[in-house]
Structures are given as structure tokens and as C-alpha cells.
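Build out the structure end to end from the sequences listed, making use of the hints.
As given, the protein sequences belong to chains A, B, C and D, one line each in that order.
So for the first sequence, the UniProt record's numbering puts the first residue at 1; every next one is plus one.
So for the second sequence, the UniProt record's numbering puts the first residue at 1; every next one is plus one.
So for the third sequence, the UniProt record's numbering puts the first residue at 1; every next one is plus one.
So for the fourth sequence, the UniProt record's numbering puts the first residue at 1; every next one is plus one.
Warning: the hint list may mix true and false statements.
No more than 27 Å apart at the CA atoms, straight line, and that leaves these computed lysine-lysine pairs for DSSO-like [unchecked claim]:
id, chain 1, residue 1, chain 2, residue 2
1, D, K278, D, K336
2, D, K108, B, K134
3, D, K136, C, K296
4, B, K134, A, K296
5, B, K291, B, K61
6, A, K134, C, K134
7, C, K297, D, K136
8, C, K214, C, K61
9, C, K278, C, K67
10, D, K335, A, K335
11, A, K108, A, K51
12, C, K180, C, K336
13, C, K214, C, K107
14, C, K191, C, K408
15, A, K409, A, K191
16, C, K291, D, K73
17, B, K136, C, K134
18, A, K51, B, K180
19, A, K296, D, K134
20, C, K51, D, K108
21, A, K61, B, K51
22, D, K278, D, K412
23, A, K180, A, K409
24, B, K136, A, K296
25, B, K195, B, K180
26, A, K291, B, K108
No lab work stands behind these hints, which were simulated from the structure alone.
4 protein chains.
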Amino acid sequence: MKFQNRNLGPANYESPLQLSTVRGDNIFNFVDDSERLIFDLSRENYDHCLKTGEEPLCLEKSGPRQKLFFDPKNTTAAVVTCGGLCPGINNVIRGIVMALHYFYGIKKTIGVPYGYEGLNPEMGHGFVELTPDKVKDIHQFGGTFLGSSRGGQSVATMVDTLIANEVDILFAIGGDGTLKGVDAIGEEIEKRGAKISVVGVPKTIDNDIDLIDKSFGFETSFDVASPILRDAHNEASGAYNGISIIKLMGRDSGFIAASAALAMPTVNFVLIPEMAFKLEGPHGFFEALEKRLESKKHAVIVVAEGAGQQLFEGTDVVKDASGNIKHQDIGVYLKKRISEHFTHIPITIKYIDPSYIIRSAPANSSDSVYCSRLAYHAVHGAMAGKTRFVVSKVNNRFVYIPITEVTKKRKKIDLESEFWFSVLQSTGQPFFLG
Amino acid sequence: MKFQNRNLGPANYESPLQLSTVRGDNIFNFVDDSERLIFDLSRENYDHCLKTGEEPLCLEKSGPRQKLFFDPKNTTAAVVTCGGLCPGINNVIRGIVMALHYFYGIKKTIGVPYGYEGLNPEMGHGFVELTPDKVKDIHQFGGTFLGSSRGGQSVATMVDTLIANEVDILFAIGGDGTLKGVDAIGEEIEKRGAKISVVGVPKTIDNDIDLIDKSFGFETSFDVASPILRDAHNEASGAYNGISIIKLMGRDSGFIAASAALAMPTVNFVLIPEMAFKLEGPHGFFEALEKRLESKKHAVIVVAEGAGQQLFEGTDVVKDASGNIKHQDIGVYLKKRISEHFTHIPITIKYIDPSYIIRSAPANSSDSVYCSRLAYHAVHGAMAGKTRFVVSKVNNRFVYIPITEVTKKRKKIDLESEFWFSVLQSTGQPFFLG
Amino acid sequence: MKFQNRNLGPANYESPLQLSTVRGDNIFNFVDDSERLIFDLSRENYDHCLKTGEEPLCLEKSGPRQKLFFDPKNTTAAVVTCGGLCPGINNVIRGIVMALHYFYGIKKTIGVPYGYEGLNPEMGHGFVELTPDKVKDIHQFGGTFLGSSRGGQSVATMVDTLIANEVDILFAIGGDGTLKGVDAIGEEIEKRGAKISVVGVPKTIDNDIDLIDKSFGFETSFDVASPILRDAHNEASGAYNGISIIKLMGRDSGFIAASAALAMPTVNFVLIPEMAFKLEGPHGFFEALEKRLESKKHAVIVVAEGAGQQLFEGTDVVKDASGNIKHQDIGVYLKKRISEHFTHIPITIKYIDPSYIIRSAPANSSDSVYCSRLAYHAVHGAMAGKTRFVVSKVNNRFVYIPITEVTKKRKKIDLESEFWFSVLQSTGQPFFLG
Amino acid sequence: MKFQNRNLGPANYESPLQLSTVRGDNIFNFVDDSERLIFDLSRENYDHCLKTGEEPLCLEKSGPRQKLFFDPKNTTAAVVTCGGLCPGINNVIRGIVMALHYFYGIKKTIGVPYGYEGLNPEMGHGFVELTPDKVKDIHQFGGTFLGSSRGGQSVATMVDTLIANEVDILFAIGGDGTLKGVDAIGEEIEKRGAKISVVGVPKTIDNDIDLIDKSFGFETSFDVASPILRDAHNEASGAYNGISIIKLMGRDSGFIAASAALAMPTVNFVLIPEMAFKLEGPHGFFEALEKRLESKKHAVIVVAEGAGQQLFEGTDVVKDASGNIKHQDIGVYLKKRISEHFTHIPITIKYIDPSYIIRSAPANSSDSVYCSRLAYHAVHGAMAGKTRFVVSKVNNRFVYIPITEVTKKRKKIDLESEFWFSVLQSTGQPFFLG
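Structure (C-alpha cells):
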């Protein structure tokens, strides 16, 4: 069966949760491992399956199981947060700690400082014990209470550390790289025959994890960006032929840029990595921009950080120490090119890069709700002995998915989707830029 | 076929939207009337349909149609907003006006002032013309640019007004009563053989419209409530055995109360209309509250306005002029009963009712995005000649649903759902109150 | 000399602060006890003093003294917060703790829980030690970290407690009653020949402490009220002849109501305790309100809680247990009277009471700056052995004033002042209401 | 007499304001030209004047005069906004328009688009008429409703334009350069014997106008910066030896940086133009920073844009077209130098420049109040025929000051002041950096 989550073994302990197994008693029911949700809800796909007898793709419903793999009173969990900041990390940490403590009464929860570095004893970061009292207010703050770091550490070393510290469950909050990392840790654990559950909570402010509805922190990101765009409009309209360029996050996917523009309809152009726009010539960006300036005397441009990489082709490729191509800064580049192009009319350009301001903000209410629920589901799955899975929301329902299924590729904006069309409708920018 | 939307007649005009009909050209495709989405995505239901040959319930996908019923250059639309305030009304008005003007280039859009009253010439409110320039900034403000009113007017009179003013499309933004009203208008139009499309955009801050994922303004409502709950916690913890009671909206359904509590986990108790809790005795609310005060010396209680009506049974029933039972104020009642009960220990109670503050706030970013998209879809459906439908989101997709399907009953919180369970997990309140 | 602050005795210890005594070295100078600032800066008063030889009223400049009365390493301080909540209390607590610890390195700071109750051992509240680590984040939250209570305790008992716990300095954060209380404590200490400094930090959200520019939390109060007024305007304009009544704090003085109305110029009427307005008849409020409704079809009314007490004269006087006259709720009363009066035209009234929401909010930036500086000055004065004084800002400068001078009477809005005139200019309400 | 404001001539028209001339009638009194306020309120200065017979420096009290120079029904006013954005500009515009219209009922108010450019007909910007209806909501938005531009235009041309359009009063909202410009316009008008009043409303987000308490928008600037600093702390503490550098506005004066740091005490270092700090060596910044990292593992640095220019001495001086030295970007420079210095320990640096985000924000409540009152006073002074003055607040009172007095030099932070000392107390940064 596709999308089948792994289990550490038979679940023999009774859950301490006082839940029900029958409908109609006003008490939530334990979720059974067999409960599944259809992924593709188009009637077309239903008919296709009906006709061909093909199994529809299904996802495992998340929630508390009646039988646990781990005996709570002897269970030790650990939490690690990796990669860049994203609103809501502290809410997830808090939710995990509270759920482990109050729902299951587990023995101990360890905080791993500074990302995967914290699982490498050589870094000397030590551990911090996570108690309800320590985490009860952290949801009010952005950032990560545990600290973070980028990049990986030796998988063997990290597994050694987990075993040495008798960790039974590792919750890893992080993006694509982190999830691949924790899956590798899970694989190594399996190889060693150890019984440690590893769980990923997808964190990507870019919202580019495949299959899932949205990642936590994403709603906050464009909520924080939104008044910045409103005021960038003030900068643009405050000068004759004023132009504001706002660079927003989005290395491979333009979800933040597009959603922020939809949320604040003073935006006139959204440029995203998924678009192969050109600057010069007919149907180029300059042409569209000039038309806008002519009619309205100002323009607001939102550009995702990964947009326009096609413009740099042919220029000298700069690589970093690891040999990766270093992306050029599209915001700065755009500002330069626009300045150079518009010599025939007076213009004023303001360039704004609020990335760090956005990613370090506290979660808004919508994300706070989401983070708590993600954390609870992560804990329920882990206690039942599931491993190498992520918890997420698909078609508005919480599910468990094998990590490997969501890390195969990045989620991107489909330029033919209703979502992107709504952005075009809101901004009024021409199709041809796409 | 179930959930089949009505059409005014054959759509013969070409849409002015420059869209595509093929995949792969990076241009959004016109949506075909035949496109459908499965409503129930449980595997169980799939298997049931497979076995029995029963048709699964499907919803019509919304979006721009290639053929229009109305000729844009001769089309006049009208917009009316009814009932209580809700964040996002202005965003919807703005979206409708912009879409009609810029996407379809229709002749004129009329604003109907003060709800259905505005369709009764006797009230003397007149009309206001809605132009892009007039509505371009209104999304930044709460309330309704058009004014609103409660209650209905004679359907015949309203239809007379629409016909007299040569209105082709009526967009009604409102709740359960408004939607029933606009459907009645549509029915009367049909009887008269007129060709006027009537469209409902469901507005209910309580989020209690059946079938749909959420109504616009709902996210904002608990986003605005959330810091109020945070600070109500300050009031509670600022006094010895301090108790804060916050009454939130929710006449029949406790979604705002429950979501706000989830978003701000300093809440200790959530009381909603769906719960049949009692105050006194074992497993009563006072017992749970006292236990909380004993251990923490303060408590934060969120109560939905419609909660606890069972407590008033046996008391004198007060009816209003129309004979409806007047709900007692549960917040004030709770404050009184708690004061009377806790004579054996010193307590301090603060009662907070932020309802008007919440409902008159501007839409947050998430709702802003939602409102724009709802408005666009409403316009696309109307231009295609659909009538007596609502536009909404179900399973995270935009759909058109016959009005009659969503007004059959109210949506309520299922006490056995994962959502309510997450509230119990967050607050720590006992199951037995439910 | 008037306004002379008391000292516990000669200051013999060198301040550990590395400050200067000469100008020009870019290092702040210790402040000398003799430094004074003129209170009345009108030229008229200057000429009067010149002519009559009268001493102008002067205030003592606050700041760090070169010599201390207390030996830091043997000093114990205590902090108590009394009365209702007000934004900024936690900032003041934090500032005091940080200043005592980092600037002076004192031995210990004690937190007294739940106001003056905490100085009565019979209440059994105990003490909490205040360390930098414990208070470092509290400024981000409203309320009081220490808890509060209303009313007094036996002065003798409180002094016993201070002496028994070897407290050298007591910082009391509170309003008029609290300040009188701490002055009484200081008097009792003097009688007993003890050497304990008592310091008041005036806290009154109403801004009604005499002589001083403004009390902390006041700026935040109308900053929080401001968007509520903006949205109350949405409620008013959202209905035909819609009226929003917002009750704001202000028992004896209308500063919050007046400032909030100035900050949000959608307000049409401000009613404050200082005004002797009437409702009926020519030059009455109803007449002015009707005129407003006629021309604009909506009205926003801000009323201070203590306004309109003259309207209740002749009605039955209700007294509380202590024999004090219980104020009637002017907001509810106004709503009732307006409803009863306007039977000849349709109106809709919305009544909003955001008091608890305002007073429990965290301090805004302006107040945060103010609170830190107040706390630092309070600490400098206390360490120098001053006692029975408040720290505050007068004519934009920080000063020390004897408590007795600021508790003689309440500060009120002068109806002939430029400030009130600016309110009339902003609202457009007629003079005659005053 | 020093600080004597100029008048266009005798004021012969009765003010239409229904004010009083006697105390005690609860109606605001007209202000007399002779009313003065002492500038220096130190007792020391008082004694000095007493002894020497020297006149104390006095400022003219602002407010409505009983006699007007201009006949309202024949008066045309114009408003121009120049230079960079600053929160509150729209509030001032709104206040001026409302006061001219509702208080004085003047004939017409002209909006001059895009700063002084708008007074040069060659630019072709035209005029816009300012009515209450047009400006009633603009206070809710940042930016300038009129547009702005930098730099001057020919004074003769601008005076020609004013005369040609029969403008009687010109209100110029702008900084140092704008004020000098409007004074030059006033001088030219005088030379020509024309009777046009020119009024300056000082606008400088840097708060660097001499003599005055604070300029409008300043409070908002650090209010907007404050949560950015809070979250920058999350960035710093989220990485091992994480460093956040936030560049704030302040070309010559560090008021924003210093106040923002005071408002958000998570800041550890504030670097301002007034400080002659060095980076290397003993008592250098690197030494202090390393000490901080050693003890806390993270640091938040706020740097004013004009800080550290002494560090660039000896480097190649870059001049712009006008021959002015172009300031190097201290934020980028600091980031580079810190990276280069700290090779012996791992560090992570985040650089944040929120300048455009801050200056384009709407005014907060405190500034809203201030802007309205400034606008009213500006109008009262102009109608009375005063010219070449600014309106402002000194020692917490509104006054009129000759433009030439406030443009002599910039206001700077006095490193020996209590204000700067409070910043050092809050951050804990060493004196020696100054």
C-alpha cells in the first residue's frame, strides 16, 4: 500500500487518554491505524479509479491510538529545531512538551540546543530539560527557544547521542534538509535495531513542502508582510513615478509573495521563481511597468528572492565553498536594472527587504492553532510507535505521511492554478509575464 | 444530480477573459460546468460507494466560464450587505466591484444602502454607484461601506426594485437569514420569468453555515480575540483567585470561543452552546473551577454567547416582540452564579464582552485573501448565469453550492471531533463538562 | 523651602556608579540634591516673583547621587504593586530590579505578592525573590507579575513585616490610595526611628495624579482605545442613524476619553466628569446628537466612566458597604436614555466597554521608555536615602516630589485649557455641553 | 526681544471662533500675542537672571488670536509636503484642512503635489483642491497624500506661483531644508511687499530640529522599530553567538536608535553619530561585543545610520554630484568588520534595515494627538498674520518660534544627559564607547 507509515513494532501499552471507541457518547474516539483519507478529490479521479479498479491514493488519519508502543512512565523524548527561523516554532515546542507531560505523563523531555549541532557532543552545547513551566510562555515569542543551526552532522554520531541519552522519541522541527536528515537518522536507528521513533514537523516559511496544504508559519509570514506592503505603497505613491520593490522570501516557490500580494491589493506586480519573465522588449517587465507608471504614477513590485534567476544566465556564475551556485540578489538587481532602464522619465525607487523581520515574528492566531494541533498529532503518532513520518494537514485534515513522500520534490505555484489566477486578478499584471 | 446549481439559461456570450482551455500553456483554464469535487473524502465512504454503486456527493467547482449568460457591456449589478458586522465585508464588496469592472467591464454596479431596507424604496435610502475609485481603499476598514440592517423586506417589493432599476445580478452578503432571503428573491424572479441572477456570499462571524470549511471573517474574529484573552489572563493572575470571564460570539455554535482558546493557550475553560454542562454538583463546572483555583490561584473562562441555555430552563421565559425566546446573558449570569457560589474562598471576577470590538475590526491577511477570492468566484458564477447559489470553500477548494443546501441547518462543533478534542487538550478542561 | 523631600539621614557611602562631576567629559554627572527646576514657566509668574521677591515653586531634580545612604551590599529592597491594573507595571518592576541589581549590586530584592495584602503575614501569600532572570521578559506582558489587591492593611502590621524581613527600601507602585498608604508607612517608620526608605511610583491609568505631566500607562491606554474607537465608528456608520457609545476609564478626570478622541478623530462627542452637561432641552446633549444624526446619519460618543454624575442627582443614592456613594453606570444609562428619547426617528445603539481590555494591555513603546526611566530614578533616590517621595515627570523633566504634595487633590481637565479646546476642535462638539 | 515672530501687519478681522477673554466661564480664552513662556526652567538660570537683570529667553505661546489678519471668506491657503516620509504627515494635512474649513470657514485650500516641485509650473503637476471629504480618512494611512520630493526650486518661481494663484497662506511640512526654503520664500514675499503668511511644521523623523521637545512622527518611529528589535533578539538568540545588527534612521542624531533601545530592553548596544567609538583595541567595540558573546552567546546591536563616520576617515572619500560627502553604510560596514574580526569564534550575523518600513507607517495615537494639535496651532497663527514661524512644543507647551531660530543647528543627543545615561543603564553598554 502506498504511503504506508513505518511502525517500531507492536503497540502493547494502554493509552492513558480517557477516550472512547464508540460514536455518540460525546467523547472523542481513538483513531484506528486503518483510517484513511482520499488524496485526490476530483470527480475525474474517482471515475478513473472506478473504471480501472486502481486504488486511489490514501493518507493515514492522524490522532491518538488506543495502544501505545512506548510505556509513558519510562519514555524520554527529545526536541530539536533546525534551519532558519519561522513563526510558530516555539508554539510547536510548547505543544509537544505539554502533550508529552499532561496527556501521556512521560518521564522526561530533553531540549536539544542549536539544531543538529546539539546532537554532536563535540560542539559542547549540552542539553536543557523542557518542563511545562519553562515553556508555558514561549508561544508569545518568535524565534526558537532552543536555538537552531544550519547543515547536518554525522548521522552515526547523532544516533550515538540519542542512544547514549536513552532517547525514545526525537521530534525534529525543520525544512526539507532537516526532514531528510531525521529520516536518515531513522534509517540508521533501524539498521542498528534500536527502537527510537523519529518524527518530522515540516517547517518551511516558503510553504514549499510537497503534498501538504500549508506549513506552519506561512500564514503569519504574509500577515506580517501585509502592512509592510501597505506602507510600501505609501513610499511609491509619495513620489512622482515612485516605485517600491519589496523582496519577500521564496527560494524556489513564490507562495509568500503571491499570498502577501493577494492580502494587500495595493501590489501591482508579483514576480516569482515559477515565472520565466524577461525584462526588456515586448511582453517584458519594463514595458508593463512603464504602462503602469504612465497611468498611475507609481508602482508596487513584490519579488520573491528566488525569482528571475533566468535573468542571470550568461553572467558569471558565482559558487560558494560547497560548489553551490550562489543566487544573485534579485531585489538589488531589479532596482539597478530599473534605474538604468528608466532614464527617459524621472523615477524614484525604494527597495525593502523585510525577510528577517518576517521570519522572527511570533505566530499569529491561525498559526498558533495550527502549531498546537500539529504538535499534539506528532506526539500521538510517536507514542504509538510510528516513525519516519511527518505530521501535516492535507485537504484540511490532519494526516501522517512517510517523510520520504514529502521530500521527493518541492511544492511550487502552478501557473495554471486558480490560486495564481487570483493573484493576476488582484494585481492586474499581465499573463504574458508568466 | 444532487447539489445541482440553477442557471438562468444558455450562456451565449464569449467571456472577455483571455484564458485558456488547454493544460501546459501557463495560462489558467476556463472551468467547465461539469467539473466536480468529492465532498466526503474518507476511504470508508469511497468503499461504500464502490460497493453500493451509490453516487458520491459532489460539489460544482467554481471559476470563470468560457461562455457568459450576461452581455458585460449591458450588465448592471447590485451589491447588498445585511445583518451584523463581520470582518471582511468591505473586502468582498471591493473584490466584486473590481472584478465586475476590470475583468468583465460591466456597465454599472449599484450599492444598495442599509441591507434589504435599501431595496425598499419607501425607506428612502437611495442608491450609491460603486466605482473602483470609490472602493479602492475600503478593504482597510472594518464594517460595511454600504451600511446594513437586520430583518427582511417584502420579497415582491425587492424584486420590483431590482426590475425597475434593471439590475441583472444581485450579490447579497449575509448570514443564514440573508441567504434564505436572497433565495426567496431568486424564486420570485423565476416566477416572474425575469432573468436576474442572485448570489449569496455567506457571512457569519459564528462560522455556523453548514457544509462549508469556514466563513470569511472567522479567522479575523479569533485573531482579534486572541490578545484580549492573553490580557484577560493578566487580569486573572493579577488578583488572588482572580477569574476572568470573556464572552465571545457564538449563538448556536462555539467555533470562535473554541478557536480563540486554542490560539491563546492561557484559557482554562471553554463553554459552548454544544455542551450540556451543569454548574453544581459532581462533574459540574464549579467543581472543576475550584480545583483549578486551588492549584493555580487564577482561571480564564471563555464562554460563547449561546452557551448554557440549559441552565435557564425552569426560569421565567422572556419573549421579545416577535415571540422569540430571548436568550439570557450567559456571561453576566455566570459571573453572578460564580460570585454566589464561591463564598468560602475570596475571589475576584472580571467580566469582558468584546463582541462589538471583534466584529467591527478590519479583515486580517488570511481573510483578506479569502474575501478577494470569494468575490472573484461569485462574479464568475453570476456572469455565467448561475443563480440562487453561494460561493464557498469546501475541503480547501472553491465551489458553488445551491443556497438551499447550506441553509437547511446550522454547522455546529461535533463534541466527538478532533477539533474539540484539541480544545480539551489545550485547555486541560475535563471531558465531563461536555 | 516648599516641596522639600525627606532624607533618612546623611549619605555616607560612595555610589558604585562610575559617573562624573564635571561637564565636558561625555560622562553623565551625579545630580546634586540642590538642583531645582522651576514649576511654573509662564513669563507672568516670573515677573510676579521678580516684583514681589516671592520664591518661585521649585522641584527637586532626580537622578543618581554621589553619596548613598544605603550600603548596597547590605541592602534589601521590596516591591509591591497595588490597586487596578495599568499598562507598564511590569516594566517598572523590571526596571527597579535591574537597576538595583546591575547598577548598585544590592543584596536582595523581594517581591511582595498581591499588593498590601502581601505585607500582612496573616494572608499567607509569602514572598518571591526577584532576580534579573525572573523579570527579564515580563515587560512584554500586561498586568502585574506580583499580583495586586485593593484596599489597605494595618500600617503597623506592614511596618512590622518590613522590619522583620530587614527591608531597607519599599517601592510601592500604585495610585492615590497606595501613595497615601506608603506615606503612612513612611510616617510610622519615622515614628519608630527605623531607617527604611519608602518610594511611590504613581500608577493611575486615569492620569489624575496632581502636578505631574502624565502617569505611566496613560499613553498606552488611549493607544489601545484608539482602534476600538476607529472600529466603533464602523458600528455606527454601518447602521442608519447608528450610534456607538464607548465607555472609557476616568472616574474623576476625563483624560483617557479626551485623548483617545483626539487620537481617533472619528469621535463626535466626548463626555467627561469635568463637564456639567444636561441631556434634555436647549443646549442639551440630545439636541446636539440629533443635529449630528440629521446631517451625518451616525454618531460616535465617548463617555468617561465618571461623567454625568449630575444626571443622577435626585435619584436614589446607592451606597456600598463602606458608605461610599456607588456611581451609576453612565454608559448603560446613556444608552437607555437615548433609546427612550429617540422614538421619533429610527436609531441603532451599540454600547462598548473596553476597560479591562485597555488596562491589562502591555505598555506601548512610549510608556516602556517612560517606565524604565521612572524605575531608574526611583532607585537612585531611594539609594540616596530619600523617603516618602514620588518620582515623576514635570515639564518634561524627571523630579522627586514629596508624596503629600501630589495626593492633596486629583488632577482634572481644565475646561478652559488648550487641551480641552483641541478636543472640541477635533470632535466639533459644541462648547455649551461643557 | 529675542525670538520675536514676524507679523504681516495689523490684525483687523474678528475671529469667527466663539471663544472667551475671561477666566472662569469654562470657555477657552483667546491667546494674546504678549503671552510668553520661559525656555530654561533650571533654578540656576532663574537666579542668574535675577542677579544680572538679564532677560530670560522666552517663547511665544501659540493659539487662536481674537483678531485675524486674513478675512476668512476671502482667504486661500496652500499645503505642501517636502522631503522624506515620516509618520503623521497626513494627520497634519488633515488637521490643517479641517481647521481652515470648520474653524475659520476659509474660501479654499489648495494641495501642492510632490513638494516644492509642485510650486514650479514647469513640472506640470497641477494642484488638487483639499476638502474635508477628501482628507477625512487620510490620517489612517502613512505617507503623504500630496506626494513629496526632495530638493529646492527657484524661490522666485515659487513666489510667482503663490501670487499667481492668490494664495494667502502657505503651510510647508518638512525638515531642516524645507524650513529654510519656506523662510526664503517668506523673505522674498516680504521683499515684494506681498502679504502671504508662510508657516513651517517641522517634520524630521530623526527628531533633530533644534530647541523643540520632539518632532511629530518620532514617537511612532520607535514604536514601529520596537517589535522589530524584539524579534531581532529572536534572530540573535536563535543561533550560537548570534548577532543582530539593526540600522535605524539618524543621520546626525541618534534619537530613534536610543529611544527604540530604551523601549525594547533586549538591545545590548546602541551606536549613534554623537559617539566617537572605535572598533579595535582596548575600550573598542569588538572588545565589548566579545565580552557580551562570552557571557550570553548572543547580542543585539542598534546602529544609527550616521554613526561611526569617524571609522571611515582615511578611506577614500566619495562625493556626490553636489560635492557632498557620501556617507558610507555603517550597517553593512559593521557587519563586514565584525565578520572579519571574529574568526576565532563561530558567529552568525543578521543585518536588518527597516528604515522604509518605519517612515511609511501611519502615526500612532500619541503622534496623532500631537499632529492634530500642531495643525490647529499652525492655522491659528497663520490666520492672525504671523509669518516665517514654526509651530512646536517646548517644555510640553505649544509655541510659535521664528524659523531662523530652529534651523541654526541640529539637535543632538547630549552624551552627558540623563537621557543618554538611561540608554546606557538599559543596554548595559560601557561608558567608554562614548
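Quick rundown of the hints versus the structure:
no., hint, verdict
1, K278/D <-> K336/D, "15 Å, holds"
2, K108/D <-> K134/B, "24 Å, holds"
3, K136/D <-> K296/C, "13 Å, holds"
4, K134/B <-> K296/A, "16 Å, holds"
5, K291/B <-> K61/B, "51 Å, violated"
6, K134/A <-> K134/C, "11 Å, holds"
7, K297/C <-> K136/D, "16 Å, holds"
8, K214/C <-> K61/C, "17 Å, holds"
9, K278/C <-> K67/C, "58 Å, violated"
10, K335/D <-> K335/A, "22 Å, holds"
11, K108/A <-> K51/A, "52 Å, violated"
12, K180/C <-> K336/C, "38 Å, violated"
13, K214/C <-> K107/C, "33 Å, violated"
14, K191/C <-> K408/C, "22 Å, holds"
15, K409/A <-> K191/A, "26 Å, holds"
16, K291/C <-> K73/D, "25 Å, holds"
17, K136/B <-> K134/C, "49 Å, violated"
18, K51/A <-> K180/B, "40 Å, violated"
19, K296/A <-> K134/D, "18 Å, holds"
20, K51/C <-> K108/D, "48 Å, violated"
21, K61/A <-> K51/B, "22 Å, holds"
22, K278/D <-> K412/D, "20 Å, holds"
23, K180/A <-> K409/A, "12 Å, holds"
24, K136/B <-> K296/A, "13 Å, holds"
25, K195/B <-> K180/B, "19 Å, holds"
26, K291/A <-> K108/B, "26 Å, holds"
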